[in-house]
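Engineer: Every number in this note's numbering is 18 more than the matching position in the sequence shown, counting from 1.
Derived by calculation from the structure, the hints in this document are not laboratory data. Check before you lean on any hint, since a few could be wrong.
As the list claims (entries may be wrong) - No more than 30 angstroms apart at the CA atoms, straight line, and that leaves these computed lysine-lysine pairs for DSS-like:
| id | residue 1 | residue 2 |
| --- | --- | --- |
| 1 | Lys66 | Lys54 |
| 2 | Lys63 | Lys46 |
| 3 | Lys219 | Lys183 |
| 4 | Lys219 | Lys49 |
| 5 | Lys217 | Lys183 |
| 6 | Lys222 | Lys90 |
| 7 | Lys116 | Lys46 |
| 8 | Lys183 | Lys66 |
| 9 | Lys284 | Lys263 |
| 10 | Lys183 | Lys193 |
| 11 | Lys54 | Lys41 |
| 12 | Lys263 | Lys41 |
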Amino acid sequence: MQQLILTIKQKKELKDISDDFVKDYLKKYKKTHNIKTLPTNSKSKDFKLIVKDIRAELRKVYGLFRNKDNAKLRNELINNVDQKDIHIEILETHASTKERLPFYKDLYTQIFNITKKPKTILDLGCGINPFSISFMGHKPTYYAYDINKEEITNINKYFKQHAIKGNAELLDISKTTKVSLLPKADVAFLFKVSAILDKGKGHKKTEEIIDAIPSTYVVVSFPTLTMSGKPMTAPRRSWMEWLCKRRNWDYSIIEFKNEIYYVLKK
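Working from the sequences, and respecting the hints, build out all of it.
Structural biologist: And the structure:
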């Protein structure tokens, strides 16, 4: 299995993904295709087919949201500790966080008007969102989770440089049991990760993860623009609103041009 993992990750866009995340996909593939023993010969037809199929699946749930990242530039920026406003330059290197820059401060103000200022935050599938802490107006204890090793390393460097309590760790947030064992928090973020969790198969997984998160409030966000940049005809997620009503969860909606946020109270 290790040889398969190494081969799968030889593609540049997948090189920073955690080994455990790839291993889980290999285990699922093995079970789904009723494979008793994974091939070890890298030149064999079966080996090449598995590599091709797993890469395709990983690109759907990972590469699609990472292809505009500029990891090399972030590495250079994070090591330039004397640079002022480094967080802004880092946030500009990723499409989602760059879109939020004009309204990050307003976003957190509106969220915390609902939840009150949190002492502890969980950020699941965080990407580089933790670099936006300076827009919060205070420094909560912050626990960040992602499957990208490089992002986790850079976030931990930033936390240390700016005396931010908490840490960043590798975690596949689709693992319900592991999510339920995370530190208890006042607020949790699930920014633009529902599609990754559900994989086009309903919304059961998103509900399961929200349920498992040890936090009073969970903020779930969705894009309001299509991949081509055009406004969606129906940016609100009716399924999310029905879910909250069915589970008797209170919710508030915060809307911006590029993103809609559901602030849930479980």
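Engineer: Each hint needs a verdict: does it hold in this structure or not?
Structural biologist: Evaluation of the provided hints:
Annotation: proposed proximity of Lys66 to Lys54 holds, straight-line Cα distance about 17 angstroms (limit 30 angstroms). Between Lys63 and Lys46, the direct Cα distance comes to roughly 19 angstroms. Compliance with the 30 angstroms bound is thereby established for this hinted pair. With a C-alpha separation of about 37 angstroms, the suggested pairing of Lys219 with Lys183 is violated against the 30 angstroms cut-off. The straight-line distance between the Cα atoms of Lys219 and Lys49 is roughly 19 angstroms, inside the 30 angstroms bound, and the hint therefore holds.
Under the criterion of a C-alpha separation no larger than 30 angstroms, the hint pairing Lys217 with Lys183 is inconsistent with the structure, at around 33 angstroms. Annotation: proposed proximity of Lys222 to Lys90 is violated, straight-line Cα distance about 36 angstroms (limit 30 angstroms). Distance restraint check for Lys116 and Lys46: the Cα-Cα separation of roughly 35 angstroms exceeds the 30 angstroms cut-off, and the hinted pair is therefore not satisfied. Between the alpha carbons of Lys183 and Lys66 the distance comes to roughly 44 angstroms, so the proposed pair goes past 30 angstroms and is violated.
For the given pair, Lys284 sits about 11 angstroms from Lys263 by alpha-carbon distance, which is consistent with the 30 angstroms threshold. The suggested pairing of Lys183 with Lys193 holds, with an alpha-carbon distance near 25 angstroms, which does not exceed 30 angstroms. Between Lys54 and Lys41, the direct Cα distance comes to roughly 15 angstroms. Compliance with the 30 angstroms bound is thereby established for this hinted pair. Pair hint Lys263 plus Lys41 does not hold up; C-alpha atoms about 37 angstroms apart against a cutoff of 30 angstroms.
Hint compliance for this structure: hints 3, 5, 6, 7, 8 and 12 are not met, and every other hint is.
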